[in-house]
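**Q** Line by line, the protein sequences are chains U and H.
Last residue of the first sequence: 229 in my numbering, with the numbers rising by one and none dropped.
Last residue of the second sequence: 566 in my numbering, with the numbers rising by one and none dropped.
Keep in mind that the hints were calculated from the coordinates and are not lab data.
Cβ coordinates follow ideal geometry from the N, Cα and C atoms, glycine included.
Errors might be hidden in some of the hints.
Stretch-level coverage of chain U by chain H, calculated; a stretch enters the list once three of its residues show a Cβ under 8 Å from a Cβ in chain H [unchecked claim]:
hint: 1; stretch: 20 to 34
hint: 2; stretch: 38 to 47
hint: 3; stretch: 115 to 123
hint: 4; stretch: 143 to 155
Derived pair list, reagent style DSBU-like, types lysine-lysine, alpha-carbon separation capped at 30 Å [as the list claims (entries may be wrong)]:
hint: 5; chain 1: U; residue 1: Lys37; chain 2: H; residue 2: Lys309
hint: 6; chain 1: H; residue 1: Lys43; chain 2: H; residue 2: Lys519
hint: 7; chain 1: H; residue 1: Lys441; chain 2: H; residue 2: Lys43
hint: 8; chain 1: U; residue 1: Lys37; chain 2: H; residue 2: Lys139
hint: 9; chain 1: H; residue 1: Lys309; chain 2: U; residue 2: Lys111
hint: 10; chain 1: U; residue 1: Lys128; chain 2: U; residue 2: Lys111
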Amino acid sequence: MSTTSHGSGQHEEYPPYLAHHFDTMGQQAGAAKLGMWLFLATEILMFSGLFLAYFIIRYFYPDMMLSAHEFLQKEAGALNTVVLLISSYTMAMAVRAAQTSNTPSLKRNLLWTLLCAGIFMVVKYFEYSAKIEHGMLPGRFYEAHYHGYELVGLPHIFFAVYFTMTGLHGVHVLVGMGIITWIYIRASRGDFHSGNYIAVENTGLYWHLVDLIWIFLFPLLYLVR
Amino acid sequence: MAHHPAHADHAPEPDYIRAKKGIMSWLVTVDHKRLGLMYLASVLFFFLVAGILAIALRTELFTPGQDFMSAQTYNKVFTLHGAIMVFLFIIPSVPAAMGNFLLPLMLGAKDVAFPKLNLLSFYVFSVAAIMFISTLVMGSIDTGWTFYTPYSTATGGAATMAVFAVFVAGFSSILTGVNFVVTVHRMRAPGQTWDRLPLFVWAIYATAVIQVLATPVLAITVLLLGLERIFGVGIFDPALGGDPVLFQHFFWFYSHPAVYIMILPGFGIISELLTVHSRKHIFGYKAIALSSVAIAIISFLVWGHHMFVSGQSELAGIVFSFLTFAVAVPTAIKVFSWVATLYKGSISYTTPMWYGLMFLWTFTIGGLTGLYLGTLSIDVHLHDTYFVVAHFHYVMVGGTVVAFIGGLHHWWGKMTGKMYNEKAGAIGALLVFVGFNGTFLTQFFLGHQGMPRRYYAYLSEYQFLHQISTIGSWILAAGLLWTMIYLLHSLWYGEKATGNYWNATSLEWHTQSPPIEHNFHDTPHVTGSPYDFPEIDKSGATH
Ligand code: HEM
Ligand SMILES: [Cu+2]
Chain U
5 MSTTSHGSGQ HEEYPPYLAH HFDTMGQQAG AAKLGMWLFL ATEILMFSGL FLAYFIIRYF
65 YPDMMLSAHE FLQKEAGALN TVVLLISSYT MAMAVRAAQT SNTPSLKRNL LWTLLCAGIF
125 MVVKYFEYSA KIEHGMLPGR FYEAHYHGYE LVGLPHIFFA VYFTMTGLHG VHVLVGMGII
185 TWIYIRASRG DFHSGNYIAV ENTGLYWHLV DLIWIFLFPL LYLVR
Chain H
24 MAHHPAHADH APEPDYIRAK KGIMSWLVTV DHKRLGLMYL ASVLFFFLVA GILAIALRTE
84 LFTPGQDFMS AQTYNKVFTL HGAIMVFLFI IPSVPAAMGN FLLPLMLGAK DVAFPKLNLL
144 SFYVFSVAAI MFISTLVMGS IDTGWTFYTP YSTATGGAAT MAVFAVFVAG FSSILTGVNF
204 VVTVHRMRAP GQTWDRLPLF VWAIYATAVI QVLATPVLAI TVLLLGLERI FGVGIFDPAL
264 GGDPVLFQHF FWFYSHPAVY IMILPGFGII SELLTVHSRK HIFGYKAIAL SSVAIAIISF
324 LVWGHHMFVS GQSELAGIVF SFLTFAVAVP TAIKVFSWVA TLYKGSISYT TPMWYGLMFL
384 WTFTIGGLTG LYLGTLSIDV HLHDTYFVVA HFHYVMVGGT VVAFIGGLHH WWGKMTGKMY
444 NEKAGAIGAL LVFVGFNGTF LTQFFLGHQG MPRRYYAYLS EYQFLHQIST IGSWILAAGL
504 LWTMIYLLHS LWYGEKATGN YWNATSLEWH TQSPPIEHNF HDTPHVTGSP YDFPEIDKSG
564 ATH
C-alpha cells in the first residue's frame, strides 16, 4: 500500500493526562467511552443469563415462586430501590460537576453516592441475616422447614436464584463503591475538570447500570404475581 | 510509492526486545509486542503439554484393550487435553498472541487502546492457567471439556476448580476482546479507512466482537455450574429440580460462537499468507471482510446443532439445522475467494504458502463434514462418534493450528528478528500434512462404522484404522517437534531479518524487524489498499 509519512509534531505541549499512545484527548476519551460501553454490554449479557435461568425456573415452578417470594421483605427492597435511584441522581450530578470543573460539588456528590451505596449494603446485610436465620438458604443448605416454615414445592431453588442474583448484584455495588472512592481520591488531587472528566463519566455509566439491574431485580424477585 | 525499510534518516533505535533490560521490564511491560510474545510462549507451552497428552491418548488406542491407561485415567487425560487445547491454547493463540503483536502494527498505531488492561488480561490468563494446572494435584477432572450436567454436578475430583478456572480465563478473553474492538475503532492511522484494513484486522475484529458478546454467557454458565456443585442450587441438577438440558443450551450458546473465536483469526491469517506469497491482490476483499461479520452474527443462532439428540423439540432441530447450513455460505465465499486469489498469481512455495495451501484442503474437509453433522438424520447416526472427533480436529487443527503455524513462519522474522530455514520449514510442513491426515482422515471412517468417542478400548474390528491413526499422530508429533526445533534454532543461528523480507505492503512491514518500541518513527499515512503488489511484481527480481 502506498503510504506517506509526516513528521508528527514532535511532542509539542503534551497534555498531562494524555497517554503516550494517543494523539489527542478526544481520541483518548472516545476510546475510553467505547470501551466502557462494550464492558457494560458484557455485564448485561452476563446478567441476562441469570434472568433467563430465572424465567425458566419460574416457568417450571410458578406456584413455588409465588409462595417463596412472600418471605422476602418488600419494604426493604423498596427502600433499596429508592436509595439506588437517589444515588443515580447524585452520580449524575457528580458527572455534571466534573464537566463544569466544579471540584467541591463533584466531591460532595460522590460522597452522597457512596452514602447511598452504603445504606443499600446495610439493608442487604439485614435482609441476608434474616434469611440465614430462618434457614432460607440456597440449594442443599435450605432448612427453613426446621424453623417451622412450610413452603410449596422446591423453595431451595427460589432462594438459590435470589441469593445468586442479588449476590452478584451486591458484588457489583461493592466494586462500584471501591471505584467511587478512588475517583473521590483523584478528585481531591484535582485531577478532573472540563478538559478531563472521562473517568468520572465512565464511573457514572457503570453506576447507572448497577442501578438499572436492580430496577429489574426488585420486581422480579420481590413482587412476583 | 515503494515500501520504506527502516528509516535510514533516523539514528538507529533499539528494537522492542532490546529497548529495556531485565526480567522486570518484561513482567510489567505494557508494550503490546512484548505481551504478544509472552502470550505466544504461554500458548505454545500449553500446546506442547496438551499435545503430549494427545499422543498418550492415541498410543493407548493402538491396541483394542487396555495398555497403560485405565478407563478412568483415559477420561481424565482426554478431558485435560481438550480443555487445555480449547481454553489455554487455541482461544488465546491467534488473537492474544499474534493479534496483540500485529494489530497495532497493522493499524499504524503505537499500541492497543488500553495497554494496562492488556497487561492485566495477561495476568488474569496466567491465574486461570495456574488454577487449571492445580486441578492435576486436586484429583483431576473427568467430565470432558464440555462439563455436561448431571455428570459434572455429581463427579468428584477438581471439577469445581476447573470450572472457576474457565470463569477466570473468560475474563481475560473479554478484556482482550474489548481492547481490540476499541483499538480497531479508534487507533487506525490517518487515511486507513475500513476498506483499507488488512483482512487479518477484519478477522480479529469480528473475533473480538464474538469474544465480547459470547464470553459473558460462558461466565454465567460456569458460575452457575460452580454454584450447583457447591450449593446444589437446583438449576441444572435434575435430582434437585433443575434442568440438565438447560446447561447444554447455556454452554453451546457460548461454545458454538467460541468455535468461531477459534477459526476466524485463522481465516485472517490465511488471507494474508495467500496474497503476499502469490503477489496477487486479494480476490473479493469486501466479500471476505463482510463474511467474517456475517459468520459472527449467524454463529449466535446455531448452537442447537450440538443438541439434536438431547430431546429438544423437532421444530427447533429443523431450524437449527437450517441455520447451520446458512453459516456454510459466508464460509464458502471465503474459500472460493482464496482459491480465486491464487489463480494466475505468482506463487512462491515458501513455508507460509505451504501451510496456506494445506489449510485450503484440510479446513475445507473440516467445513464440509460439518454439513454432514448439521443434517438432522445423519447426525443421529454420527453423534458422539469418531466422525465428530475427526470433524472438529479438521477444523481446529487442520484449520486454526495450520493457519497459526503458517502465520508464525510468516511473521517470525518480524517478531524475533531472525529468519527460519526454508528447507527445514518445507520438511516440517510435509510431516505435519501427512501426519495430520493420517491421524484424522481415518477417524471419519471409524466414526461412520460406529466407533464412539471418549472410549479407552474398542472392538478389534476397528484396530486397523485406529493403528493408522496412531501412527499418523506420531508423524504429526514428529513434524511439530521438528518445527519447534528449527524455529528455536533460528533464534540463535538464523539469518537477520530485514524490515520487509516478503516485500509485503501492509503497515507492519513499514518498520524494521523487530520493530522499535513505539512501532513507527513517524505516524504512517495510508493512501491505498494493503494488497497492492504491482510495483513489487516488476521489481521482484531484485529481491
Ligand atoms: C496435535 C494433535 C492432536 C491429537 C493427536 C489429538 C488427539 C485427540 C484424541 C485422541 C482425543 C480423544 C478422543 C476421544 O477419546 O473421544 C481428542 C479429543 C479432543 N481434542 Fe484433540 N488432538 C490433537 C489436537 C487438538 C487441538 C489442537 C485441539 C484444539 C482445540 C483439540 C481439541 C480436542 C477436544 C476439544 C477434544 C474433546 C475432548 C472431550 O471429548 O472432552 N485437539 N484429541
Ligand atoms: Cu456448533
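**Q** Could you work out which earlier hints the structure fails to respect and list their numbers in ascending sequence?
**A** Those not satisfied are hints 3 and 9.
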